[in-house]
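Student: With the hints as constraints, model all of the structure from the sequences given.
Those sequence lines, one after another, are chains A and B.
Residues in the first sequence are numbered from 2 upward in steps of one, following our numbering.
Residues in the second sequence are numbered from 16 upward in steps of one, following our numbering.
What the hints contain is simulated information worked out from the structure, not anything from laboratory work.
One or more hints might be untrue.
Claimed, not checked - Straight-line alpha carbon distances no greater than 30 Å define the calculated DSS-like cross-link-like pairs of lysine-lysine that follow:
id, chain 1, residue 1, chain 2, residue 2
1, B, Lys284, A, Lys95
2, A, Lys95, B, Lys288
3, A, Lys45, B, Lys76
4, B, Lys76, B, Lys284
5, B, Lys284, A, Lys91
6, A, Lys45, A, Lys104
7, B, Lys249, A, Lys64
8, A, Lys68, B, Lys249
9, A, Lys104, B, Lys249
10, B, Lys284, A, Lys104
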Amino acid sequence: MNIRLPLALAGAATLALASGPALAHHSFAMFDREHAVTLVGTIKEFQWTNPHSWIQIEAPDDKGVVKEWSVESQSTGTLSREGWRPGSFKPGDKVSLKIFPMKDGSPGGAFVGAVLANGQTLGRMGP
Amino acid sequence: MRASAFALILALAAAPALAADPPPASAPPGAKLAAWKDLPDWSGVWVGANGSGWDSASMTKGGIAGLPGAREHPPLTPEWEKKYQANIARVAQDRYPDPVSFCGTPSGFPRSMSIPDGYEFVVRPEQTWVLTENGPNVMRIYTDGRKHPGPDDLWATYTGDSVGYWEGQTLVFDTIGLNGDPHTILDRTGLTYSSKAHVLTRLYLTGKDTLTATITIVDPEMLTQAWTVTKHYKRQPPGSRIYDYACTENNRNPITATGQTLTLGTDGKPIDKTVDPGK
Numbered sequence: 002m003n004i005r006l007p008l009a010l011a012g013a014a015t016l017a018l019a020s021g022p023a024l025a026h027h028s029f030a031m032f033d034r035e036h037a038v039t040l041v042g043t044i045k046e047f048q049w050t051n052p053h054s055w056i057q058i059e060a061p062d063d064k065g066v067v068k069e070w071s072v073e074s075q076s077t078g079t080l081s082r083e084g085w086r087p088g089s090f091k092p093g094d095k096v097s098l099k100i101f102p103m104k105d106g107s108p109g110g111a112f113v114g115a116v117l118a119n120g121q122t123l124g125r126m127g128p
Numbered sequence: 016m017r018a019s020a021f022a023l024i025l026a027l028a029a030a031p032a033l034a035a036d037p038p039p040a041s042a043p044p045g046a047k048l049a050a051w052k053d054l055p056d057w058s059g060v061w062v063g064a065n066g067s068g069w070d071s072a073s074m075t076k077g078g079i080a081g082l083p084g085a086r087e088h089p090p091l092t093p094e095w096e097k098k099y100q101a102n103i104a105r106v107a108q109d110r111y112p113d114p115v116s117f118c119g120t121p122s123g124f125p126r127s128m129s130i131p132d133g134y135e136f137v138v139r140p141e142q143t144w145v146l147t148e149n150g151p152n153v154m155r156i157y158t159d160g161r162k163h164p165g166p167d168d169l170w171a172t173y174t175g176d177s178v179g180y181w182e183g184q185t186l187v188f189d190t191i192g193l194n195g196d197p198h199t200i201l202d203r204t205g206l207t208y209s210s211k212a213h214v215l216t217r218l219y220l221t222g223k224d225t226l227t228a229t230i231t232i233v234d235p236e237m238l239t240q241a242w243t244v245t246k247h248y249k250r251q252p253p254g255s256r257i258y259d260y261a262c263t264e265n266n267r268n269p270i271t272a273t274g275q276t277l278t279l280g281t282d283g284k285p286i287d288k289t290v291d292p293g294k
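Tutor: Shown next, in the form of structure tokens:
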């Protein structure tokens with residue numbers, strides 16, 4: 002499979018997925034839902050907010066240059082019922098995040114899954 | 016009672032001009048207030064099980080509204096098919112803005128029966144409330160025998176006016192007074208309905224923890240015949256809660272004048288590589 006975006010990948014995670022997060026508030030056409038990628042990095046900030054929660058993560062690109070990525074998830078209501086809490090991501094945590102990246106190569110994406118610092122999995126990390 | 020409600024729908028479908036007449040209420044003559052003991056248990060938190068496409072059964076392209084190429088196949092009038100095609104062309108360019116993305120208005124009915132996040136269905140003898148976490152939307156369905164307001168007392172709103180009655184443990188209700196296109200949409204494939212829409216909904220349990228809605232739209236501007244879709248909702252574990260949803264709290268996806276959905280960084284500036292001119 003070709004990787005259309007110059008992203009730092011963990012485990013060559015290019016996955017064609019039939020479904021993914023249902024973003025409630027706006028079109029998700031800007032995300033590449035065919036090619037999920039995994040970022041490995043350090044949490045900078047977690048915004049536990051509506052209409053979407055956001056994970057700011059610093060992770061290297063394919064040249065090893067660290068960038069700040071904006072990863073968009075769902076509403077606090079839906080996330081809380083799926084086991085998320087305001088403290089799920091803390092600044093400094095080392096995590097893996099699987100995302101549907103933005104099609105234009107910008108450092109952003111839609112959340113698919115995460116492995117937290119304590120080993121807990123949120124969302125879906127597998128295929 | 017059931018026969019009369021469906022007769023209404025069938026009559027409207029067969030003769031769309033009737034929709035311009037004052038719509039009759041669906042509460043049958045002599046309807047009585049239901050007793051508390053006869054009402055179903057719809058307590059708890061529910062989540063829709065059918066995604067955000069209005070009619071996944073007739074949807075192409077994997078059933079995901081908002082993706083280029085996804086469309087449904089309702090019995091559209093030629094005029095509405097043109098409108099739908101124009102909207103589909105905008106979806107293909109990712110320039111079809113969803114009204115709710117502006118964080119100012121609710122989804123409106125009937126789209127409110129097909130949105131993400133949690134639902135509550137609060138049943139009382141004289142009315143039922145459908146409360147959606149997303150939006151939020153608050154829908155009141157009167158079951159106290161009242162009829163729809165007359166033409167002078169009815170104006171278009173996001174939620175419309177709903178009256179109904181209990182047919183055993185099935186809530187049957189009838190909704191008119193909807194604002195429709197361009198204020199509300201059915202989903203992000205570009206599907207809309209008109210202010211002439213008349214909606215009949217049947218809401219009932221099909222399992223202990225499965226609530227089902229069959230929703231029939233009659234709309235002489237949009238449709239050549241009545242169009243029915245079925246939605247399911249799953250009850251969440253006991254103790255589940257509904258939470259706040261304040262759309263302007265942290266909306267990092269503003270919409271430009273051309274309909275482009277932007278993504279903002281934490282500094283409030285777009286991270287998108289390109290932003291349409293004239294934003």
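Student: If a hint holds in the structure, say so; if it doesn't, say that too.
Tutor: Each hint, compared with the structure:
Taking the CA atoms of B:Lys284 and A:Lys95, the gap is near 26 Å; set against the 30 Å cutoff, the hint holds. At roughly 28 Å between alpha-carbon atoms, A:Lys95 and B:Lys288 fall within 30 Å of each other, so this suggested pair holds. A hinted pair counts as satisfied when its Cα atoms are at most 30 Å apart, and A:Lys45 with B:Lys76 does not qualify at roughly 37 Å. Annotation: proposed proximity of B:Lys76 to B:Lys284 is violated, straight-line Cα distance about 33 Å (limit 30 Å).
Among the hinted pairs, B:Lys284 with A:Lys91 is consistent with the structure: their alpha-carbon atoms are about 24 Å apart, no more than 30 Å. A threshold of 30 Å between alpha carbons decides the hint, and for A:Lys45 with A:Lys104 the separation of about 23 Å falls inside it, so the pair holds. With a CA separation close to 46 Å, the supplied pair B:Lys249 and A:Lys64 exceeds the 30 Å bound. Straight-line distance between C-alpha atoms of A:Lys68 and B:Lys249 comes to about 40 Å, which puts the hinted pair past the 30 Å bound.
Of the supplied pair hints, the one linking A:Lys104 and B:Lys249 is violated, its CA atoms being roughly 33 Å apart against a limit of 30 Å. Under the criterion of a C-alpha separation no larger than 30 Å, the hint pairing B:Lys284 with A:Lys104 is consistent with the structure, at around 18 Å.
Against the hints set out earlier in the document, violations occur for numbers 3, 4, 7, 8 and 9.
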